[in-house]
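We have chain L already, so just place chain B on it with the hints.
Protein chains in written order, with numbering that gives the first Met the number 0: chain L, 0 to 584; chain B, 0 to 318.
Worth flagging that the hints you see were computed from the coordinates, not collected in a lab. Using N, Cα and C, we set each Cβ at its ideal position, and we do this for glycine too. Don't take every hint at face value.
[As the list claims (entries may be wrong)] Partial list, derived from the structure: chain L residues whose beta carbon lies under 7 angstroms from chain B:
id, residue
1, Arg69
2, Glu70
3, Ile73
4, Thr180
5, Pro182
6, Thr267
7, Ala269
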Amino acid sequence: MPNGSIKRGYSLRRQLMLRFMAISLIPVVVVGVFSLWSTSYFGLQEKVATETADVHTVIALLNTELMYVREAGIKTQYIELVQQVLERERTDAGFQPDENERHRMRAELMATLSENKVHSIYVYGMRGNVYTSQPTVLLGYEKISAYDWYREGVASGRNYFWGEPVRLNSVWVLPYVRRITDPTNRILLGYSVTNLYESILTSSYISHGDVYVLSDDGTILSASDKSEIGQNFYEANGISGALLDGRTGYANVRGKGPRTYAVFSRNTFANPSLAKLFVYNNSQIIDNMLIMTGVTSASCIVVCAFLSAYLSKRFVRPLRKIRETVDRMRLGELSAPMHPRTDDEIGMLMDSFNNMSARLQASLEEIQRINEMRRRAEYRAIELQINPHFLYNTLSLIIYLADAGEADKVKQVSSALSTLFRISVNRGRELVRIAEEISHLRCYMDILSVRHQGEFKYVLDVDPAILEYYTIKIILQPLVENAIQHGIRDNMIADGFIRVTAHAENGRVIFEIMDNGDIPASRIEEMNAALRDYGSAQNFGIGMRNVDSRIRMFFKGDYGLSYQKRGEFTVAHIEIPVLEEDRYV
Amino acid sequence: MKKILTLLLIVSLLVPAALIATASAETKGTIGLVLGYRRDEFYMDLESRFLSAAQEAGYELLVTDTDFDIARSVAAIEDYTSMGVDAILSWGSAQFVSAIEAAVAAGIPVVCYDGSTPSELVTANVTYDPIDDGNAIGLWVKAYIEKNWPDEEVEVAILDFPASSEICVGRTNAFKAVIETIPNAKIVAQMDGKASRADSMAAAETILEAHPNVRVAYGINFDTVAGFYAALEGRGKTDCICVSSGSWGEEAINFLVEDHPQYKAFTLMNPWDMADASVQAAVDAIEGKEVVYNQAMIAKTYDASNISELDYKLIIESR
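Bound-form chain L, shown alone (with noise of 0.2 angstroms):
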């Protein structure tokens, strides 16, 4: 990644630290927010079931009342008189009844009410007649039909209904209204109404706080304010109608101030139903909680603070020594292992680091050894460009032949070390052309030829095509050498022959050093085995060993020297590969 656009910002600590404790303070904030919510939520909840239980008595209070209304509204339409007077207003169109039939059945409507909770009842007559338990037919009760709920129930086909609050003589009533039917045949025959006082439903909810009983379409039947009668409660109230489906429910109220909730329970018996209003004041509540909900996230960021500095410290140390130990190394010291102390994923990354910092050491000392020898053989090969001593026998050669008059000679000496130096010195090129190189090696070979003159002969076979190929320079010289120092000389063979080839086959170039100088098989061995212990810092074979290494440190693959024992000939055979430029990659 280039530097530019690397972040700086907090260390990886601090980075922790600030984690930890955001992780932290996340469960600390949802649990107060959870817990404010469902504070208030249940605190509701638990203020909406007591509302409820207490709206549940008033309605058992209401069921006791309402029950004798009932019952004399059923009373009535099992009294033979009625069922009688009735069944000839039905069947008879010009039925009129007399005074007395009046008085008769205001004296049985009458013996039916033997509480003074019902005002009156009312029976009316297939063909509009009414009777009554009263005196009079009250104002507004002439004719019943002329009122909607009236209408309604008769048209649902109902036994029985509950009729809107009506006022008769400045006093509420609530109407009970039943069908009258023949027990035998089941003909409808007219219907009775039965009044009750709808103060005698006040005085069971009073002392319980704003009550309403409704209508099943929530019409007010009773209320504490009875100019509330006949409203519909849930319009007051701005309440959804959807609370009517229910058996039991809540609602928020609007237009009565700030949190004032309505409970709803429909009556299980066949009844009106019933609806409180109740405020509910949470605010020391809430603020309790905030409170508490703020200490405890107080301490717990506290608590959260400390635990995410000891982690995060606990966590970065073992980081921070793999940094040290990568400075360590930066500044060369590789052999300064981590010790880890558990098995957990910093474990294994100082034991990976512990291997790679191992092997990275085992390389570097491999890298330092192979560049040792490839110092000591340039220091060879330069060696080998100036020897002093062969400079200095080459001179004293000039010098005596000239002293013995062959100048031709001294010439011609002098003509090849000129070439020789020139080759060698070629402005610290490696790679010199294979023209060159046997240049150099017929140089060497003219100066030693005049130097032991008529020890050895020697023949240079060289396919003409590789001459411009390239090689390493100075690997045939060394070999030449040691084939005319330790093959023929220290032998004291008399005919020397030294014979080089050079070739190419198979994309290499293979030249070749034949001498018959007298190296028996088994130090042919030796010679070769000197030649595989790179490792060896031992005297013996320095020029070849050299000449096998500069060309295995240069080429890749299995190039360099070998020796073999080819009937009397001792072979140096080297291989590199075909170089038709200057370079080798």
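Then chain B, alone, in the frame of chain L:
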């Protein structure tokens, strides 16, 4: 780790769901019982058996004691209809027809017990056949007279209960029909005992005043004939036997077990049988099975010779 968390999440969701399912599986529904009253052993045993039978069937039973009040019973049926119970069990009366038909129209099956309700919409009428009842006890009296008083004029007195137009009137009429076939027997008196011991005692005293030679006293239930027996005791009259229809109770059974010299025979209606049949009819109707409309049960006649065949001890002990 993810799998474990997923598993825990699933378990945490399933456990409450399973608990809710288990809780909701506790009851299949609710049945409303319109009880006649709780003032005699028959109805007390009937109510307790209704409760246990409904519980065994998996239903909650709501009970309203109406004290045999028509208006209160009609109101109870209407309340159960308003509540939306799964079925209603009610004592039967012709005056319940409108309320019962409204319940059935609301999809609630209604089973009437201990008296029928004349409506095709009633799911089932589970009753002890009053005709069979009166007939059986009449035949027992006939056999007794033929065996013990073959050559004597036997006066028979009856305490009936006309208010119970179907059951008690039926029993009485059937009993009278058998007695009238006995050549040497004669019904000398028939009065309303109001199905109560006190009223029956008063009525019996009136009868005995006019007919001191009564040899057979019949009551439409045990309380009625017990009132008659009290009047007999008061007069020190021991040559009169007492029989009754529609009896049930520890007292009546013990008289037979002890082979009482005057309490001779009763038809015993087993309330458990009636309760079991009624609840079964209601449950079958809820489950959409076909239910027999008229289920007339037989009240067997017991006397000292066969009372041991009745497993009454289990019922008494379960109170």
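Enumerated hints in conflict with the structure, sorted upward | none
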